[in-house]
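What follows is the residue order along each chain.
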Amino acid sequence: MDILTGRLTRLTAANPDTDAEIIARWSRDSHFWRLAHTDPAYPTLEQTIKRKLEERPIDRQGFAIRTLADDRLIGLIGLYTIFWPQREAFMGIQIGERDYWGRGYGTDALRVLLRNAFEELNLQRVSLSFLEGNERAKRSYENCGFRYEGRQRHAWAYDGRRWDELFMGLLRDEWLIIANDK
Amino acid sequence: MLTDQLFEGQHIRFAPPDADRDAERVSKWTHDPEYLRLLSADIAKPLSPGQIKKQYEELDKDAEKHNAFNFAVRLQEDDRLIGFARLYRIEWTHGTGSVQIGLGDRNDRGKGYGTEVLHMLLRYAFDELNLYRLAAMTVEYNTGAIRFFERAGFNVEVRRRQAVQRDGKRWDVLMLGLLCDEWKRAE
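Those sequence lines, one after another, are chains A and B.
All residue numbers for the first sequence refer to our numbering, where the first residue is 1 and numbers rise by one.
All residue numbers for the second sequence refer to our numbering, where the first residue is 1 and numbers rise by one.
These aren't lab readings, by the way, just hints derived from the structure by calculation.
Worth double-checking, as some hints may not be accurate.
Claimed, not checked - With a straight-line Cα cutoff of 30 Å, these simulated DSS-like cross-link-like pairs (lysine-lysine) come out:
1. B:54 to A:52
2. B:45 to B:28
3. A:50 to B:65
4. B:61 to A:52
5. A:138 to A:52
6. B:169 to B:65
7. B:184 to B:169
8. A:50 to B:61
9. A:52 to B:65
Said to hold, decoys possible - Far from chain B by the CB rule (all over 12 Å, computed), these chain A residues:
10. 87
11. 103
12. 142
13. 152
14. 162
15. 168
16. 179
Every residue gets a Cβ at the ideal spot worked out from N, C-alpha and C, and that includes glycine.
Please take these sequences and the hints and turn them into a complete structure.
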């Protein structure tokens with residue numbers, strides 16, 4: 001079994017030469033941006049993204065999500081902060097290709113990332129947060145076993161009102177029970 | 001009229017961080033594991049004055065980007081450094097940030113200095129920086145910090161289960177929050 005391959009997707013290194021153009025296109029989708037980032041929506045140049053992809057800092061595990069069917073880049077996923085002594089990491093996922101929203105691709109990639117986090121990196125805990133009202137994300141996280149841990153009230157401002165930031169976490173023991181059931 | 005003083009309190013004052021003057025003293029604090037473990041979940045380790053200076057340079061970089069505001073806390077009576085206060089991880093479009101306070105010497109704790117520091121830090125965050133909300137983070141074993149922030153109006157909002165392991169036990173990390181409106185009502 002390839003630990004980075006799921007049922008619908010596989011996680012690969014992003015290719016700066018071919019992927020930057022696609023990610024730059026996603027950055028022009030402001031709704032997508034707001035779900036994926038907390039800084040203001042702002043179109044990004046292909047060259048800027050290319051440079052970032054080339055850096056590949058070793059303290060974070062970033063992957064490109066590709067479909068198994070046709071190897072198409074549909075999103076990005078990663079552990080962006082790892083506290084090694086505590087073995088806790090924060091994760092993020094974004095599916096830039098809207099055609100692949102709500103079809104199980106994100107959840108599949110998430111499971112692959114979690115398997116890698118708990119069974120290769122041997123983390124103790126994975127944490128995440130997301131925007132209030134993002135039901136698609138919430139369902140996907142719950143399906144992977146994440147539990148709700150609280151909300152930062154009014155943490156974000158969009159469209160003239162405040163929105164909560166919701167937090168979830170998944171412990172190693174909880175993951176292993178789920179993984180062994182499958 | 002405008003508030004008369006932002007940096008002068010009754011017993012303490014906010015001064016700019018001064019690595020040349022304070023590195024030696026701050027380095028001494030890092031030899032106290034209890035202090036470090038109450039302060040954060042980062043790895044506790046003693047730092048030399050030279051390492052402290054480097055740390056201060058890093059803090060300066062954040063300050064230059066206006067993502068953070070760092071203060072040295074000094075006593076009014078003899079100008080002695082007793083700790084630090086900072087606002088960091090500021091996201092300007094959302095008007096949010098985080099607070100952290102440390103009093104390095106245990107003899108300076110329990111005298112009300114911390115309460116005064118927090119009061120001044122919140123005033124600075126809400127009345128000068130015009131932030132909308134603040135967060136504070138602590139580990140569940142630090143019951144003193146939880147009470148300290150709750151007394152100032154913070155609410156526990158998030159409990160990251162078992163996020164910290166120390167002395168063979170796993171502990172929750174608590175994230176507290178305070179909205180500007182709540183603070184104004186309490187003032």
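Do the hints match the structure? See the list:
1. Of the pairs offered as hints, the one joining residue 54 (chain B) and residue 52 (chain A) holds, with about 26 Å between alpha carbons and a cut-off of 30 Å not exceeded.
2. The hinted pair formed by residue 45 (chain B) and residue 28 (chain B) meets the criterion: a straight-line CA distance of about 11 Å does not exceed 30 Å.
3. Proposed proximity of residue 50 (chain A) and residue 65 (chain B) is supported: the alpha carbons are some 24 Å apart, at most 30 Å.
4. At roughly 21 Å between alpha-carbon atoms, residue 61 (chain B) and residue 52 (chain A) fall within 30 Å of each other, so this suggested pair holds.
5. Distance check on the hinted pair: residue 138 (chain A) and residue 52 (chain A) sit about 28 Å apart at the alpha-carbon level, within 30 Å; holds.
6. Restraint check for residue 169 (chain B) and residue 65 (chain B): not satisfied, since their Cα atoms lie roughly 38 Å apart, outside the 30 Å limit.
7. Between residue 184 (chain B) and residue 169 (chain B) the alpha-carbon distance is near 39 Å, which puts this suggested pair outside the 30 Å criterion.
8. With a C-alpha separation of about 25 Å, the suggested pair residue 50 (chain A) and residue 61 (chain B) falls inside the 30 Å cut-off, and the hint holds.
9. Straight-line distance between C-alpha atoms of residue 52 (chain A) and residue 65 (chain B) comes to about 20 Å, which keeps the hinted pair within the 30 Å bound.
10. At roughly 8 Å, the least C-beta separation between residue 87 (chain A) and chain B is not larger than 12 Å, which violates its mark as non-interface.
11. Remark: the non-interface label on residue 103 (chain A) is consistent with the geometry, its nearest Cβ contact in chain B lying 30 Å away (cut-off 12 Å).
12. Chain B leaves residue 142 (chain A) outside its interface by the beta-carbon criterion, the shortest separation being 16 Å against a cut-off of 12 Å.
13. Residue placement check: residue 152 (chain A) does not keep its beta carbon more than 12 Å from all beta carbons of chain B (closest about 5 Å).
14. With a minimum CB-CB distance of about 7 Å to chain B, residue 162 (chain A) fails to clear the 12 Å threshold, and the non-interface call is violated.
15. For residue 168 (chain A), the non-interface assignment is contradicted: its Cβ lies about 10 Å from the closest Cβ of chain B, within the 12 Å cut-off.
16. Look at residue 179 (chain A): its CB is around 18 Å from the nearest CB on chain B, clear of 12 Å, so calling it non-interface holds up.
In this structure, the hints that do not hold are numbers 6, 7, 10, 13, 14, 15, in rising order.
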